[in-house]
Amino acid sequence: MKTLDQIFVLTQHWLTGLAPAALQPLVSMLLIIAALMAVFGTCFALTTILERKTLGRMQNRYGPNRVGPFGLLQPAADGIKMLTKEDIVPEAADKALHFLAPLALTAPVWLAFAVLPFGRNMSAIELDAGILFFFAIGSASELAVFMAGWSSQNKYSLLGAMRAIAQMISYEVPLVLASVPVLMAAGSLSLPEIVRAQSGYALGWIPRWNVLTPWGAAGFGVFLVAAAAESNRCPFDLPEGESELIAGFLTEYSGFKYALFFLGEYLGLFAVTGLGVTLFLGGWHAPATWLEWLPSWGWFGAKFSALIFLFIWMRATLPRLRLDQLLNFAWKFLVPLALIDLVAAAAWLKSGGWQFAWALETRWLLCATLLAPAYVCLGRHWRGGTPKPRRYHYAQ
Amino acid sequence: MLGLGILKGFMETGRNFCGSYYDPERLTTVQYPEERLEPQANARTIPFLIYDGSDPIGGLRCTACTICEQECPAHCIEIVKDTAKKPDYLGKMQLHPKVFDIDTAVCMECGICAEVCPFDSIKMDQVFERAGSHRRLTLHKDDLSKSNEYYNKIHPAEAAAVDAARAEEQKKAQARKAAAAVPATP
Amino acid sequence: MNAPPPPLAPTGRSQTAGDLLEVSMGPHHPSTHGVFRMNVVLDGETVVKLTPVFGYLHRNHEKIAEKNSYLGSIPYTDRLDYICSMTNNWAYVLSVEKLAGIAVPERAEYIRVIVGEMTRLFNHACLAGFLLQDMGALGTPLMYAFREREKILDLFEALSGSRMMCNYMRFGGCRCDLPEGWPEKAARIGAGFESFLDEFEALLTGNEILRARSEGVGVLPRELAVNSGVTGPGLRASGVNYDIRKVDKYGIYDRFKFRVPLGERGDVFDRYMVRILEMRESLMILNQALHDLPDGAIIDPKVRLRNLRPKAGEAYGRIESPKGELGFYLISDGGPIPYRYRVRPPSLINLTVLEDMCMGHTIADVVIILGSIDIVLGEVDR
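Residue numbers (my numbering), protein chains in the order written: chain E, 1 to 396; chain U, 1 to 186; chain Y, 1 to 382.
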């Protein structure tokens with residue numbers, strides 16, 4: 001079991017050992033990069049097809065099932081299509097920026113995977129300030145989206161880019177604020193350290209995952225919403241906003257550049273989902289002792305897939321918000337809630353030493369009294385008060 | 001409370017997702033070339049001409065009366081009358097079409113030609129897979145001509161009624177003929 | 001010598017003065033419901049001016065009808081509002097019947113009510129689906145609506161031979177009788193529609209995002225609605241009690257018990273809700289009509305379908321089509337073709353208030369306001 005758990009690490013060590021000593025650091029690095037690109041590249045291909053199939057199932061249809069067995073070769077067919085399509089650059093476009101934008105989106109996203117721990121001892125680099133690195137890298141995508149929108153010289157692209165900037169900057173705040181309690185609990189900015197802090201079981205059977213604490217649950221909710229918004233997923237896909245802005249900042253992109261944007265967006269989603277798993281769902285830890293024989297990377301993958309499924313489910317269900325409502329939701333609901341969650345987390349951590357009989361229950365109650373009224377109140381007022389329920393009368 | 005309506009929506013899509021694996025009501029796609037729906041008896045696409053007997057051109061019921069040509073809302077039918085007359089199933093001398101063209105690019109498959117035809121000669125077909133490697137959209141007499149058996153196959157009830165009415169008329173015509181023949185003999 | 005074409009003006013720099021941005025939405029926009037164009041002047045994302053431009057789908061419907069016989073125009077009416085061909089047929093044959101003084105057998109009247117209400121059912125369901133699609137609910141509500149619509153279209157195919165271009169009604173009745181087992185199937189599908197509506201409402205009516213998007217957006221004040229001739233669910237959502245089924249009682253609508261749901265504010269949400277409630281009322285009418293369906297002839301045998309020559313005069317027949325008041329105005333000079341043929345399309349007239357409704361809202365709202373009006377370009381442009 002130990003071998004299976006560490007199989008990737010061992011393989012990497014063995015392969016590195018084959019190289020001459022002077023080249024070993026370089027080979028080790030290249031191996032990790034190749035592995036990450038292979039895994040998440042495949043993941044991207046699989047997600048596109050599985051997303052379409054899941055959406056199809058939710059809409060009473062099959063989804064793509066014509067290319068290959070169960071349609072699984074559809075991504076290959078799409079890739080070939082994208083590669084062979086004409087690359088159209090508008091005459092008025094800023095050619096250099098137009099060319100650079102998809103690269104500027106895709107390249108930094110790969111970097112974000114460097115700090116995520118995908119399993120026991122499986123993180124490319126163990127940065128002490130891993131989470132800071134992650135957020136710093138994450139904000140680069142805003143620039144790329146704006147570059148794309150601006151350089152296209154198209155009014156829809158410009159509107160899409162404006163929306164993207166407003167949205168991504170606004171949602172970065174709750175995203176970071178929702179992660180702060182986790183850092184407080186772990187006492188570290190390093191992602192592997194955060195995972196380690198979530199090991200073990202409370203009362204012997206409840207895993208010590210952050211999501212299973214009151215502040216963690218609230219924080220996880222805020223984080224998920226902000227993550228969806230950060231990666232331009234429905235219901236926050238305003239920058240693309242198909243029914244409003246044709247394709248938003250992507251309007252003037254075609255062929256492989258378009259595919260790169262697609263790749264970048266999905267990779268961004270994977271990265272932020274991986275961060276969510278790490279921060280709130282206990283990273284690669286198994287949910288119970290008797291399940292610990294499964295490899296750690298398997299658990300990470302399972303939690304990761306579950307979250308991706310949730311995002312797909314969200315996409316099948318929800319309509320899109322309007323820009324002003326989107327910003328209101330960020331600043332009037334998510335940010336205050338995240339701040340109150342911070343207080344709740346502080347209370348929870350401070351009261352960690354309580355020893356009396358109903359200590360755990362009291363702590364839960366304490367956090368709940370902080371969070372629940374806040375949730376109800378903020379939920380009622382984020383768009384300036386809940387309108388009265390409508391009544392319809394009938395004429396005979 | 002914020003989120004309840006959203007949760008309800010999630011339940012609904014979730015129900016449809018699970019339902020699609022066991023409930024045919026929730027997975028209604030018909031995967032066309034492999035699977036096909038039962039054709040409806042009333043369904044109509046482009047018109048065709050019926051012939052009796054075995055000769056697709058000689059046996060055409062059409063008498064080139066041009067009612068369909070006049071009534072066609074899209075004016076997609078073109079008929080040129082032949083000069084020679086031939087006896088029809090009742091023994092009456094009738095004209096025949098020399099040219100009977102339907103421009104299927106214009107035809108809107110409304111079925112008015114079949115409705116107004118007094119000779120039960122033009123009816124609505126059910127073929128819909130008409131794509132081909134040619135650009136010929138105008139169908140001529142020989143493309144349009146199809147047997148009465150085919151008509152019976154695609155519109156069974158309607159065709160049976162038409163056949164019965166025609167047999168009845170034919171019987172009456174023969175009786176009349178016989179009645180006309182009797183006084184002539186003595 | 002051909003001079004090289006002048007370089008294209010960069011589209012990002014608009015001719016509009018100041019900080020305003022002029023955007024041409026359509027005719028190739030994903031959510032203008034066809035080839036419809038709106039010239040929108042934006043301040044940021046806020047609409048300051050909106051000019052609808054239409055006519056891209058003009059097919060000369062009225063003039064063609066003035067060259068065709070009275071019978072020959074029926075299939076053309078199918079193509080006006082191509083989603084609800086049955087009600088278009090109905091409005092047209094009603095005006096011909098008025099013009100020529102033709103009576104309709106009772107059974108035919110019942111069948112007309114049945115197919116008319118079915119048309120209303122799936123038109124409203126699809127509209128709600130389209131509206132939510134415009135709101136960004138990626139196809140799910142639309143697919144559910146289409147699932148139900150398919151069932152009704154199957155019924156229409158069994159009845160008339162065609163799913164959408166039914167060409168079913170004739171002056172003096174209907175073209176053919178109901179096939180074996182049709183009313184039972186219709187009743188079953190009506191019952192299924194009830195549960196579909198519950199499901200549909202569970203999916204989205206209570207959804208906070210839908211409420212946030214649609215409440216208070218695109219308000220159509222009562223007076224404006226009445227003054228500009230808006231009809232149909234759009235008018236009733238503004239609280240005006242005007243349903244031609246109640247006002248005119250054309251056909252046999254006086255025999256059925258049903259209510260007219262009225263909104264209060266006239267915003268997008270009211271228009272959505274009024275349609276949902278109307279579908280429930282339609283189901284009631286449908287059940288009553290299927291229950292009372294009498295036997296008998298389905299077309300007046302004395303009517304001449306071909307060569308109908310109504311005596312000189314004029315007639316205006318109108319019905320409550322799913323989109324509003326659909327009327328046909330006919331003048332006969334005694335000949336076999338109408339002297340004048342005019343359509344009063346609800347889609348076009350409801351569209352006239354678009355700018356008033358959109359003013360001051362954002363570009364995302366324009367899309368859903370347009371969606372909530374329920375237009376079909378085949379009817380707008382004719």
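None of these hints come from the bench; they were simulated from the model. Heads up, some of the hints might be wrong.
Unchecked claim - With a straight-line cut-off of 16 Å between C-alpha atoms, the simulated EDC-like cross-links for lysine to aspartate or glutamate are:
{"id": "1", "chain 1": "Y", "residue 1": "Lys151", "chain 2": "U", "residue 2": "Glu38"}
{"id": "2", "chain 1": "U", "residue 1": "Lys8", "chain 2": "Y", "residue 2": "Asp254"}
{"id": "3", "chain 1": "Y", "residue 1": "Lys49", "chain 2": "Y", "residue 2": "Glu22"}
{"id": "4", "chain 1": "Y", "residue 1": "Lys249", "chain 2": "Y", "residue 2": "Asp154"}
{"id": "5", "chain 1": "U", "residue 1": "Lys177", "chain 2": "U", "residue 2": "Asp88"}
{"id": "6", "chain 1": "U", "residue 1": "Lys86", "chain 2": "U", "residue 2": "Glu38"}
{"id": "7", "chain 1": "Y", "residue 1": "Lys311", "chain 2": "Y", "residue 2": "Asp295"}
{"id": "8", "chain 1": "Y", "residue 1": "Lys151", "chain 2": "U", "residue 2": "Glu25"}
{"id": "9", "chain 1": "U", "residue 1": "Lys153", "chain 2": "U", "residue 2": "Asp142"}
{"id": "10", "chain 1": "E", "residue 1": "Lys388", "chain 2": "Y", "residue 2": "Glu264"}
{"id": "11", "chain 1": "Y", "residue 1": "Lys185", "chain 2": "Y", "residue 2": "Glu157"}
{"id": "12", "chain 1": "Y", "residue 1": "Lys67", "chain 2": "U", "residue 2": "Glu25"}
{"id": "13", "chain 1": "U", "residue 1": "Lys146", "chain 2": "U", "residue 2": "Asp101"}
{"id": "14", "chain 1": "U", "residue 1": "Lys98", "chain 2": "U", "residue 2": "Glu69"}
{"id": "15", "chain 1": "U", "residue 1": "Lys141", "chain 2": "U", "residue 2": "Asp52"}
{"id": "16", "chain 1": "U", "residue 1": "Lys8", "chain 2": "Y", "residue 2": "Glu215"}
{"id": "17", "chain 1": "U", "residue 1": "Lys98", "chain 2": "U", "residue 2": "Asp142"}
{"id": "18", "chain 1": "U", "residue 1": "Lys8", "chain 2": "Y", "residue 2": "Asp333"}
{"id": "19", "chain 1": "U", "residue 1": "Lys98", "chain 2": "U", "residue 2": "Asp143"}
{"id": "20", "chain 1": "U", "residue 1": "Lys153", "chain 2": "U", "residue 2": "Glu25"}
{"id": "21", "chain 1": "E", "residue 1": "Lys2", "chain 2": "E", "residue 2": "Asp324"}
{"id": "22", "chain 1": "E", "residue 1": "Lys388", "chain 2": "Y", "residue 2": "Glu215"}
{"id": "23", "chain 1": "Y", "residue 1": "Lys98", "chain 2": "Y", "residue 2": "Glu264"}
{"id": "24", "chain 1": "Y", "residue 1": "Lys185", "chain 2": "Y", "residue 2": "Asp154"}
Consistency of the hints with the structure:
no.: 1; hint: Y/Lys151 / U/Glu38; in the structure: holds, 14 Å
no.: 2; hint: U/Lys8 / Y/Asp254; in the structure: violated, 39 Å
no.: 3; hint: Y/Lys49 / Y/Glu22; in the structure: holds, 9 Å
no.: 4; hint: Y/Lys249 / Y/Asp154; in the structure: violated, 29 Å
no.: 5; hint: U/Lys177 / U/Asp88; in the structure: holds, 14 Å
no.: 6; hint: U/Lys86 / U/Glu38; in the structure: violated, 40 Å
no.: 7; hint: Y/Lys311 / Y/Asp295; in the structure: violated, 32 Å
no.: 8; hint: Y/Lys151 / U/Glu25; in the structure: holds, 11 Å
no.: 9; hint: U/Lys153 / U/Asp142; in the structure: violated, 20 Å
no.: 10; hint: E/Lys388 / Y/Glu264; in the structure: holds, 12 Å
no.: 11; hint: Y/Lys185 / Y/Glu157; in the structure: holds, 13 Å
no.: 12; hint: Y/Lys67 / U/Glu25; in the structure: violated, 46 Å
no.: 13; hint: U/Lys146 / U/Asp101; in the structure: holds, 14 Å
no.: 14; hint: U/Lys98 / U/Glu69; in the structure: holds, 14 Å
no.: 15; hint: U/Lys141 / U/Asp52; in the structure: holds, 15 Å
no.: 16; hint: U/Lys8 / Y/Glu215; in the structure: violated, 19 Å
no.: 17; hint: U/Lys98 / U/Asp142; in the structure: holds, 11 Å
no.: 18; hint: U/Lys8 / Y/Asp333; in the structure: violated, 60 Å
no.: 19; hint: U/Lys98 / U/Asp143; in the structure: holds, 14 Å
no.: 20; hint: U/Lys153 / U/Glu25; in the structure: violated, 30 Å
no.: 21; hint: E/Lys2 / E/Asp324; in the structure: violated, 52 Å
no.: 22; hint: E/Lys388 / Y/Glu215; in the structure: holds, 11 Å
no.: 23; hint: Y/Lys98 / Y/Glu264; in the structure: violated, 36 Å
no.: 24; hint: Y/Lys185 / Y/Asp154; in the structure: holds, 10 Å
The structure is inconsistent with the numbered hints 2, 4, 6, 7, 9, 12, 16, 18, 20, 21 and 23, although it conforms to all the rest.
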